[in-house]
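J.: Chains as they are written, first to last, in the numbering used here: chain A, 289 to 520; chain B, 289 to 520; chain C, -12 to 196; chain D, -12 to 196.
Among the hints, erroneous ones may be present.
[Unchecked claim] Here are the computed lysine to aspartate or glutamate pairs in the DMTMM-like style, where the Cα-Cα straight-line distance is at most 25 Å: (1) K124/D with D136/D; (2) K292/B with E66/C; (3) K292/A with D5/D; (4) K448/A with D489/B; (5) K188/C with D136/C; (6) K111/C with E18/C; (7) K135/C with E18/C; (8) K291/A with E166/D; (9) K421/A with D307/B; (10) K177/D with E166/D; (11) K108/D with E131/D; (12) K292/A with E131/D; (13) K111/C with E514/A; (14) K111/C with E481/A; (15) K135/C with D50/C; (16) K124/C with E429/A; (17) K362/A with D331/A; (18) K4/D with D136/D; (19) K124/D with E166/D; (20) K451/B with E191/C; (21) K173/D with D25/D; (22) K335/A with E386/A; (23) K511/A with E2/C; (24) K108/D with E386/B; (25) K291/B with E2/C; (26) K108/D with E429/B; (27) K108/D with D380/B; (28) K448/A with D161/C; (29) K291/A with E440/A; (30) K124/D with E440/A; (31) K291/A with E63/D; (32) K298/B with E440/B; (33) K362/B with E514/B; (34) K421/B with E422/A; (35) K135/C with D161/C; (36) K170/D with D85/D; (37) K298/B with D489/B; (38) K511/A with E481/A; (39) K108/C with D331/A; (40) K448/A with E63/C.
Derived by calculation from the structure, the hints in this document are not laboratory data.
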Amino acid sequence: MSKKVYPNAKAALDGLLSDGMMIMAGGFGLCAIPENLILALRDSGVKNLTVVSNNCGVDDFGLGILLQTRQIKKMISSYVGENATFAKQFLDGELELEFNPQGTLAERCRAGGAGIPAFFTKTGVGTVVAEGKETREFNGEAYIMETALVAELSIVKAWKGDKNGNLVYRRTARNFNPPMATAGRVTIAEVEELVEVGQLDPNHIHTPGIYVNRIIQGARYEKRIERRTVRK
Amino acid sequence: MSKKVYPNAKAALDGLLSDGMMIMAGGFGLCAIPENLILALRDSGVKNLTVVSNNCGVDDFGLGILLQTRQIKKMISSYVGENATFAKQFLDGELELEFNPQGTLAERCRAGGAGIPAFFTKTGVGTVVAEGKETREFNGEAYIMETALVAELSIVKAWKGDKNGNLVYRRTARNFNPPMATAGRVTIAEVEELVEVGQLDPNHIHTPGIYVNRIIQGARYEKRIERRTVRK
Amino acid sequence: MPWTLEQMCRLAAAELKDGYYVNLGIGMPTEVANYIPDGVSVTLQSENGMLGMGPFPSENEVDADLINAGKQTISELPESVYFDSAESFAMIRGGHIDMSILGALQVAGNGDLANWMIPGKMVKGMGGAMDLVAGVKRVVVLMEHNAKDGSAKLVKSCSLPLTGKAVVDLVITDLGVFEIDQKGMKLIEKAPDISVDEIKKRTEAPFTH
Amino acid sequence: MPWTLEQMCRLAAAELKDGYYVNLGIGMPTEVANYIPDGVSVTLQSENGMLGMGPFPSENEVDADLINAGKQTISELPESVYFDSAESFAMIRGGHIDMSILGALQVAGNGDLANWMIPGKMVKGMGGAMDLVAGVKRVVVLMEHNAKDGSAKLVKSCSLPLTGKAVVDLVITDLGVFEIDQKGMKLIEKAPDISVDEIKKRTEAPFTH
Chain A
289 MSKKVYPNAK AALDGLLSDG MMIMAGGFGL CAIPENLILA LRDSGVKNLT
339 VVSNNCGVDD FGLGILLQTR QIKKMISSYV GENATFAKQF LDGELELEFN
389 PQGTLAERCR AGGAGIPAFF TKTGVGTVVA EGKETREFNG EAYIMETALV
439 AELSIVKAWK GDKNGNLVYR RTARNFNPPM ATAGRVTIAE VEELVEVGQL
489 DPNHIHTPGI YVNRIIQGAR YEKRIERRTV RK
Chain B
289 MSKKVYPNAK AALDGLLSDG MMIMAGGFGL CAIPENLILA LRDSGVKNLT
339 VVSNNCGVDD FGLGILLQTR QIKKMISSYV GENATFAKQF LDGELELEFN
389 PQGTLAERCR AGGAGIPAFF TKTGVGTVVA EGKETREFNG EAYIMETALV
439 AELSIVKAWK GDKNGNLVYR RTARNFNPPM ATAGRVTIAE VEELVEVGQL
489 DPNHIHTPGI YVNRIIQGAR YEKRIERRTV RK
Chain C
-12 MPWTLEQMCR LAAAELKDGY YVNLGIGMPT EVANYIPDGV SVTLQSENGM
38 LGMGPFPSEN EVDADLINAG KQTISELPES VYFDSAESFA MIRGGHIDMS
88 ILGALQVAGN GDLANWMIPG KMVKGMGGAM DLVAGVKRVV VLMEHNAKDG
138 SAKLVKSCSL PLTGKAVVDL VITDLGVFEI DQKGMKLIEK APDISVDEIK
188 KRTEAPFTH
Chain D
-12 MPWTLEQMCR LAAAELKDGY YVNLGIGMPT EVANYIPDGV SVTLQSENGM
38 LGMGPFPSEN EVDADLINAG KQTISELPES VYFDSAESFA MIRGGHIDMS
88 ILGALQVAGN GDLANWMIPG KMVKGMGGAM DLVAGVKRVV VLMEHNAKDG
138 SAKLVKSCSL PLTGKAVVDL VITDLGVFEI DQKGMKLIEK APDISVDEIK
188 KRTEAPFTH
């Protein structure tokens, strides 16, 4: 089963990339993004990507790197306010954008992994988000139907992982990584620390290894902080 | 916040019961059932209950106790094969029964807690389970629509819990308890060990206390084993 | 005399009840945490995956793995709990959060809320705002009564793209506190020495009082 | 000569590939775990919430908190992982389990499966069977070729209530191995000294060979 372990990000991506594909990337802001896999995606030169990610990094870090190289064709996100490159490419018409409410985005990924092609939610009723979507009443309240997201590739970042692909996250660095790990036809995880099978508490695995096809220990983590705020 | 802690099962149920109500009860077989709360339900004399639970205990333990006292009017379950009292009352027409596939049952509870009134699943397409339900195609495959379950009261059993209602489960004793804990308008948890806030690892809480309104340390746990099988 | 920001925050804080689970929006709503009355214990939710959000950290506590929904570094409390984004929004959508306090661009007399987008300006995205207003039990808006150009923010009908329809329960501005229900908007408290007439003049939405 | 139970289990075990995640039904399918070929490592899922299910425990390992979907006590392995029922069936429904090996009452030539209910007898419930056959990538049925009364179990059309429609990919009986796809059922292997004619006589469903 340790066939899941790859030596580095480049090797882990081998054979999985094609222009125009859809990739999900975990993380919230710059917190717990798959830093090493994003760099390897840049180096691969893969183009015209549709990327599902809550945010799009900043100009020179995270997914922003793939904007600079113009490898992204379309983003499916909930918030992209931190990125000037994004604003420019979007206003220039070079970049497509689909906004999803954050909870709807998370649930669409969860549904994709769970074999649920569509679900109903109150979120977005009566807003631009509801346009073109089926609306239906349940118990006298209006809901809209949202569909599942399944990506050809999901890249996620965890704190610790074992050689079977079991993952554990730390603090708020969990965020979108677990639902996205379930929703990739292939999922690659990068971890700060790769351990032997049996070293993680079986009661406290956040992402069971069944969802993870390939795993690497990241070469290096910058873990950049977007807004450093401290108590006076 | 320690206002969530009650001295015993009887006190925890105080003011919440009414004849004809719907109650969800966690557990799988006899594993991790809310033993103390079931006994207190028996003693309360509440009648005509609709009970959502994967199974219905055995004749003299678990929910079987409430069958013996004829307090249950209807079961929503996936498997009730272990219970002769059940068979008798059902064949006598005293007991209503709604079978749900086990995964559909779990997902209906999860949906109830997550504000999702309905979802689509492949499970049960073309079977008796699909009767009367909407069928729809997504990507050329047929799915049926299932609706959420929300109970007036959920009773669950965990291993450890803290005074804010945060819960941790042990081994396969997790089962239906977490999704059901989210789907009660009121949820009561009983635990083997009640600890102070801060004693559970915040990265490894299975049920966040926000879902738990009342919590007790169970007076006594029999933890009966249904099928004791050992290696020769 | 219009209320100060601090007074507005105190009014919002007075809406919090002991034991509440609360989500505070970015900006002024975040400040409300500093004015929670003694004897009232609330748990703050951060929609990126945390209950029991602590204050900004000391220098040596700063942790890249511990941020709030505004991407600011924060700290852990004894009661903190972490979870993923799907679980976080299951909690929000499922009605388990008691109150959300949010800023707004416009609120209509029927409770429609616009707070995520100004057409013509760069779109940043709605983040979790649509989920919060759809799912949270009670939605309180905390905002200046008028926009910088003096235009009304309490309007007959929102001209800006909506965040949610009929979702606002209470609006606290520097001039007054307005309750919104199915019958419409009602002024229930006003800042000292501010007349109802003045409020009417500066409000487009009809309201009772 | 029809295959023995052990031979049938070995045939089923030969379907397992290294690295597979597998769910084994109650009864004969459970036995397949004892015949997994050397060099093939599979992870067993138990739908009550476990991956990496171990064998029955020794006397002093017995734990009421550690059971399989048949409610039998089991043991933990180094690679074991626990989760709740919603997650377990998300895994099953989402197509993450590679193979399920199940028993059957009837299988139709188009892959319809009946294995949960005999009308007139006490209904016990479908448990997780409908979820498994709907969600698992490859469904293998392991059963006797004929019922105790001699009637065919490989039928033109199931007379018993269905567990799933067109869900079975392979059937292993004591007489032969049958592949099922959109073109229908095909005999791909038969027990030694059993003629195709004999199999046809004891089979109601049409099949090619």
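J.: Does each hint hold? Answer for all of them.
T.: Status of the hints after comparison with the structure:
1. Our distance criterion of 25 Å between C-alpha atoms is broken by K124/D and D136/D, whose separation comes to about 33 Å.
2. For a cut-off of 25 Å, the pair hint linking K292/B to E66/C stands: about 14 Å separates their Cα positions.
3. Taking the CA atoms of K292/A and D5/D, the gap is about 12 Å. The hint holds against a cut of 25 Å.
4. A distance of roughly 16 Å separates the Cα atoms of K448/A and D489/B; the hinted pair therefore holds under the 25 Å criterion.
5. Among the hinted pairs, K188/C with D136/C is consistent with the structure: their alpha-carbon atoms are about 15 Å apart, no more than 25 Å.
6. In summary, the hint linking K111/C to E18/C is supported, as the alpha carbons are separated by about 23 Å, within the 25 Å threshold.
7. Restraint check for K135/C and E18/C: satisfied, since their Cα atoms lie roughly 21 Å apart, inside the 25 Å limit.
8. For the proposed pair K291/A and E166/D, the alpha carbon gap of about 30 Å is over 25 Å, so the pair is violated.
9. Proximity of K421/A to D307/B is assessed by CA-CA distance (about 41 Å); at most 25 Å being required, the pair is judged violated.
10. For the hint linking K177/D to E166/D, the alpha-carbon distance of about 12 Å falls within 25 Å, and the restraint holds.
11. Distance check on the hinted pair: K108/D and E131/D sit about 21 Å apart at the alpha-carbon level, within 25 Å; holds.
12. Pair hint K292/A plus E131/D does not hold up; C-alpha atoms about 38 Å apart against a cutoff of 25 Å.
13. Distance hint between K111/C and E514/A is fulfilled; the C-alpha atoms sit about 16 Å from each other, no more than 25 Å.
14. Our distance criterion of 25 Å between C-alpha atoms is broken by K111/C and E481/A, whose separation comes to about 34 Å.
15. Restraint check for K135/C and D50/C: not satisfied, since their Cα atoms lie roughly 37 Å apart, outside the 25 Å limit.
16. Only pairs whose Cα atoms come within 25 Å are accepted, and K124/C paired with E429/A is accepted, the gap being roughly 15 Å.
17. For a cut-off of 25 Å, the pair hint linking K362/A to D331/A stands: about 19 Å separates their Cα positions.
18. Proximity of K4/D to D136/D is assessed by CA-CA distance (about 35 Å); at most 25 Å being required, the pair is judged violated.
19. Of the supplied pair hints, the one linking K124/D and E166/D holds, its CA atoms being roughly 15 Å apart against a limit of 25 Å.
20. Between K451/B and E191/C, the direct Cα distance comes to roughly 48 Å. Violation of the 25 Å bound is thereby established for this hinted pair.
21. Between K173/D and D25/D the CA atoms are separated by roughly 29 Å; this puts the pair beyond 25 Å, and the hint is violated.
22. Pair hint K335/A plus E386/A holds up; C-alpha atoms about 18 Å apart against a cutoff of 25 Å.
23. Annotation: proposed proximity of K511/A to E2/C is violated, straight-line Cα distance about 38 Å (limit 25 Å).
24. Between K108/D and E386/B the CA atoms are separated by roughly 17 Å; this keeps the pair inside 25 Å, and the hint holds.
25. For the hint pairing K291/B with E2/C, the CA-to-CA distance comes to about 20 Å; that is within 25 Å, so the pair holds.
26. Pair hint K108/D plus E429/B does not hold up; C-alpha atoms about 33 Å apart against a cutoff of 25 Å.
27. The straight-line distance between the Cα atoms of K108/D and D380/B is roughly 14 Å, inside the 25 Å bound, and the hint therefore holds.
28. Only pairs whose Cα atoms come within 25 Å are accepted, and K448/A paired with D161/C is rejected, the gap being roughly 49 Å.
29. As the CA atoms of K291/A and E440/A are separated by approximately 20 Å, the hinted pair is consistent with the 25 Å bound.
30. Pair hint K124/D plus E440/A holds up; C-alpha atoms about 17 Å apart against a cutoff of 25 Å.
31. Of the supplied pair hints, the one linking K291/A and E63/D holds, its CA atoms being roughly 22 Å apart against a limit of 25 Å.
32. Between K298/B and E440/B the alpha-carbon distance is near 17 Å, which keeps this suggested pair within the 25 Å criterion.
33. The hinted pair formed by K362/B and E514/B meets the criterion: a straight-line CA distance of about 23 Å does not exceed 25 Å.
34. About 18 Å separates the Cα atoms of K421/B and E422/A, which keeps this hinted pair within 25 Å; it holds.
35. Pair hint K135/C plus D161/C holds up; C-alpha atoms about 13 Å apart against a cutoff of 25 Å.
36. Distance check on the hinted pair: K170/D and D85/D sit about 22 Å apart at the alpha-carbon level, within 25 Å; holds.
37. With a C-alpha separation of about 30 Å, the suggested pair K298/B and D489/B falls outside the 25 Å cut-off, and the hint is violated.
38. Of the pairs offered as hints, the one joining K511/A and E481/A holds, with about 14 Å between alpha carbons and a cut-off of 25 Å not exceeded.
39. Proposed proximity of K108/C and D331/A is contradicted: the alpha carbons are some 34 Å apart, above 25 Å.
40. Of the pairs offered as hints, the one joining K448/A and E63/C holds, with about 20 Å between alpha carbons and a cut-off of 25 Å not exceeded.
Comparing the model with each numbered hint stated earlier shows that hints 1, 8, 9, 12, 14, 15, 18, 20, 21, 23, 26, 28, 37 and 39 do not hold.
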